[in-house]
Amino acid sequence: MLGTGLIKGLAVTAKNLVGSYHDPARYTTVEYPEVKPPLPEAYRNFPFLVSESADDPMGTLRCVACQICEKECPPQCIYIEKSKDKKPDAAGKLQIYPTVFAIDTSVCMSCQICVEVCPFDSIKMDQVYEVATPGRYGDLLLNREQLAKSNAYYHQIRPTEAAEVDGRLAAERKAAEEKAKAAAAAKAALPPKPAAPSPAAKLPDESRRSPQGEGGAAKPPAEGAQP
Amino acid sequence: METVEQLRDRLLARFPGASVTVISNPSPSAQHSLLLDHAHAREIALYLRDEPALKFDQCSNVTGIDWPEKEITETTKVTVPDPAGGPPKVVAQTTKRREPGYLEVVYHLYSLALRQGPIILRLRTGNRADAVAVPSLTPVWRSCEFQEREVFDLFGVTFEGHPDLRRILMWDGFKDHPMRRDYAEPDDYEWEPTPHGDVLAKAKKHYPEKPAAEPAKEAKP
Amino acid sequence: MSAALPLSAASGANALLERLPVVLRDGLLGYLPESLRWIVSGLITIAALLAVFGLLFAYLTLAERKLLGRIQNRPGPNRTGWFGLLQPFADAVKALTKEDIVPREADAVLHYLAPVVLVALSLMGFAVLPFGRLLVPVELDSAVLYFFAAGAATELAVFMAGWASRNKYSLLAAMRALAQLISYELPLLLSFVPVIMLAGTLSTTEIVTAQGGWTLGFLPHWHVLTPWGFAGFVIFMIAALAESNRSPFDLPEAESELIAGHLTEYSGFKYALFFMAEYFGMCALSGMAVTLFLGGWQAPCAFLEFIPSYAWFGAKLLALLFGFIWIRATLPRLRMDQLTRLAWKFLVPLALINLGTAAFWFLTAGWSGPLQLVRWAVAVALVVVPFLLLGRRLTAGVAPRTYRYAT
Amino acid sequence: MSLTPEIGGAHVRAVHDEFHGDLLEVSMGPHHPSTHGVFRMIVTLDGETIVKLKPVFGYLHRNHEKLGENTTYLASMPYTDRLDYLNSMSNNWAYALAVEKLAGLAVPERAEYVRVILAELTRLLNHTCLAGFLMQDCGCSGTPLMYAFREREKILDLFESLSGSRMMCNYQRFGGCRVDPPAEWLAGAQRLVDGYSAFLDEFEALLTGNEILMARTQGVGRLDPALAVSAGVAGPMLRATGVGHDLRKVDGYGVYPRFEFRVPVGAHGDTYDRYMIRILEMRESIRILQQALAGLPGGPVMDPKAKLRGFRPKAGEAYGRIEGPKGEIGFYLISDGGPNPYRYRVRPPSFINLTILEDMCLGHTVADAVIILGSVDIVLGEVDR
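Protein chains in written order, with this note's numbering: chain A, 1 to 227; chain B, 1001 to 1221; chain C, 2001 to 2407; chain D, 3001 to 3385.
FYI, nobody ran anything at the bench for these hints, they're computed from the structure. Hints may contain errors.
Said to hold, decoys possible - In the BS3-like style, the derived pairs of lysine-lysine whose C-alpha atoms are separated by at most 25 Å in a straight line are:
1) D:K3054 to C:K2168
2) D:K3249 to B:K1055
3) A:K93 to A:K15
4) D:K3305 to A:K71
5) C:K2066 to D:K3154
6) D:K3307 to A:K71
7) A:K15 to D:K3154
8) A:K71 to A:K82
9) A:K71 to D:K3066
10) D:K3314 to B:K1070
11) D:K3066 to D:K3305
Treat the numbers as computed from the prediction; the structure is a model and nothing was measured.
Based on the sequences and whatever the hints tell you, model everything.
Written out as structure tokens, the structure is:
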């Protein structure tokens, strides 16, 4: 009969009108500035640089200016200049560091590829989303100081992922130390050579790079093992 | 489904004067293709569409490829007799050869009726400058209409017999063909605060004074 | 000017509330010299109407947005003031401060006049609506005729707007508006002819009075509760939806097709005026529907008579307005040819048949006892059978489909 | 006498004459409420009847294919999100599939299941949105659209908690998926899938039997199956014409052959069929999702041999395609052995589906053109690339 479809439709809208007052499955609006919806841990916005300590962020950046992220970045929004000298990192090892590390957030498309390709777990995705600024030119181009955030902050926004990263880094460090020790022991047995310390210093670097060489590829299964 | 070789033989038997070449594809996908000559392309296409055993009724994908002129350097070892009368020397001789460039149009055909495919057809232009015409397959498959326009627009291939060959993605007054490998983007650069060196240099050229200097300072803490 | 009708005994307890607006006006007039009273009295009525319906317009926009929001599972405007109650005023300020853009090619005079004429015409209808037992702004013998004459003229203003804008979309909208006007004026008028037939008058006050009284104290004698009256009411409301350009008949301003139709080239306060006119028109037509079919200011049950009559009128008006909004939130828009087809091939024949039904009802007014049942059965059949037959012809070829699945 | 008279090409005039007056040329778009972005149609009208319609593209053109040729294989993945920005998961899969064909990569079983789950969720999302948009074009004041968006948001929340982003997922990788969905995510997906039928029922109660909607859409924008096949029309639009062609069945890519589902086909090829086919497809998608969630195997989600950095497939070419929600989305890649593809081509379904827009619109009115365009289901990010 003419009109039944219309009446059915009117019934649905009436149901929703009433439902919006008592049914949270229907009324899903979150009134944003007052109420902020919880972010899932995986949420990503713009990258930040992980530093080991909050007190001395520039001195303890994990980044060694390898420029892999700069090359892989799809919109080419990362700009890195390597240092000429080396500085000790958090573990006390001498490393090259970035003198300039800038990310243009007006270009960045939050794709997370820099995070996946980084062999040193030094760049991660931030979760700060209220980033609007009035400045078109200066404010959107973030430099090293603005990008650096501590490992503690990383733990705060992504607890499970950060714990896993820390565990992996610690294991690698331990393995590297043992390797160095073994090498030193082997060298002690052999007649000493003047060039001995340099490969030992390089080793941990290499060993860290190689398991990550396949990059994020090796990472997800490790995460998947948890559930 | 027939292999590409079988199909080529079938086509050559059906169209004696035609030139049908198999272009083999070394990748694991093993999607080989057939290079057709211009004179018979549309007949062959019609045959592929209408022959009951083939029935390639849908042309799924049409695209162009630009193969620019390549300079191929070949090094050959030649034995040169020593003019001084000594023993002949082996000299590495490099010859440079220019392989002419061309534009290629690729058609991916599928048969919805017989659920088979893809058959990949290729058409090549004579060069990249003045002999850029290939026969249009729009009369055979309607789906080529917009896609051939796109190839015309972005690669500069002219399709003979296309009902409405105009630019499609770029505007009518646009001059170049942006998907060609040697396309130089116009220097209508709009300044953005990117820190990249080459872009920054360009930016400085366009915005010589204040705005370009500022971010450079910003980027270097 | 309201005629001082004798109050019925039942509302005697509430005579003061009932009389309050009139008492206030007369009190004010008491301070004036005799020679000025008639004009000031008129001005007070106009001012009161403008104030009441201006506010109603303001809060109707808010209510519509709120209701649409709730129906769509979102809160609606809730930022300005408590529950967004100041939103209409914020909108008004916005509309007033926006730049008024007149296209260079437009006919500037007509472009300016269109919204003014529209608002003026849509306000004229209020003059003859009996808002309460004592509240009739102008007592006219041919009030209904006057009302629809004023209402029909509003479409001309829409056409003016569309024509003056020199915009292709506006022009299409103008043509649509005219076609819609011509199509729906007829069912609108035919739908209430039975009311006039049975009430025997064109005066709105008398039509309301004719619907007074109750059977058993709770069954009101409203026209809508008779078969012909119900059919007339439905036809009237459908035509009223079309006349006030509301969804699903909002073709002149169909935003998904014609951008904003005749409003495309309007901005700022002129745009707000169009909106005001739309809501005034909606209110006026709803008010007329209340008067003609829903018993005007009459209370639905005898024991509810203590509530003042204007409150009943208001409540009925708001219920109809809610219906407008509810329908807008639910239904898709018709196409132009379907719109006119619906008018000419469905509503007009139904309304004509309804005339016969009403005549039958009128002639059988004396039947009683079991004949009363026969009277009802025949009248209902006279309404339902044509509805079903015409409805089937209207929806021929349109049906839900079943689908097969490929292997 | 019916609400939908037979509209053919019979009364369409090619030229104006002294009896009918002039034709009106209207430019619909690029700024028009119902062109779904910056699409433009130059419409020639006889009264309100369309006698000519020429689509104009390119307002959102950013030469996606050139971008793809200038970046590495991996870096193109986030760009595919931005093609059809409603369906980033499907786009990711199509691109990953093409690269896997090119490089001969295997995908672990669990990843295949996860891909099916995400692709079907994407289909739900896209079809729900489309139904909402189409109803908006029909003149519903936003209600179906808001209901559609309410449900879409739930799917987007799932995507966000898995991939980190609601729409720009960038989730698939060559040889698997980026993250393994944890158990609570799967439970959330299960809850959503279980509740989706109820939503569809309500949505259908609101609209499917609606006389106005049926009158507006039935018989409008008829598409002939032979023309549809020839024009490369794919996806629900093709199936609405009665051609039961679904790549999930035909190609059987991924693990689709393991699932039991049906392919609904229409008989009239009109706008109503296109709408209903999508509704029915959603119901089938729910079945696939139930099976995939129930049968999800364990194991890794990434081929351990797959390389993220320094990915250089051997020279060659490959065309990979999947049944995206809008139709066949394909990627044609040519490798010259370098880190960047030599040629990177997207086969955009909504672009090719527009080929027959004029054929469908001729003889109908402006109002019909709007809903015909709506039923084609275009996303300008993909059309203009």
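Hints, one by one, checked against the model:
1. Between K3054 (chain D) and K2168 (chain C), the direct Cα distance comes to roughly 17 Å. Compliance with the 25 Å bound is thereby established for this hinted pair.
2. For the suggested pair K3249 (chain D) and K1055 (chain B), the alpha carbons sit about 19 Å apart, so the restraint of at most 25 Å is met.
3. A threshold of 25 Å between alpha carbons decides the hint, and for K93 (chain A) with K15 (chain A) the separation of about 67 Å lies outside it, so the pair is violated.
4. As the CA atoms of K3305 (chain D) and K71 (chain A) are separated by approximately 22 Å, the hinted pair is consistent with the 25 Å bound.
5. Annotation: proposed proximity of K2066 (chain C) to K3154 (chain D) holds, straight-line Cα distance about 24 Å (limit 25 Å).
6. Restraint check for K3307 (chain D) and K71 (chain A): the C-alpha separation of about 16 Å stays at or below 25 Å, so the hint holds.
7. For the suggested pair K15 (chain A) and K3154 (chain D), the alpha carbons sit about 20 Å apart, so the restraint of at most 25 Å is met.
8. Simply put, K71 (chain A) and K82 (chain A) have alpha-carbon atoms about 14 Å apart, close enough for the 25 Å limit, and the pair holds.
9. Our distance criterion of 25 Å between C-alpha atoms is met by K71 (chain A) and K3066 (chain D), whose separation comes to about 17 Å.
10. The hinted pair formed by K3314 (chain D) and K1070 (chain B) meets the criterion: a straight-line CA distance of about 20 Å does not exceed 25 Å.
11. For the proposed pair K3066 (chain D) and K3305 (chain D), the alpha carbon gap of about 29 Å is over 25 Å, so the pair is violated.
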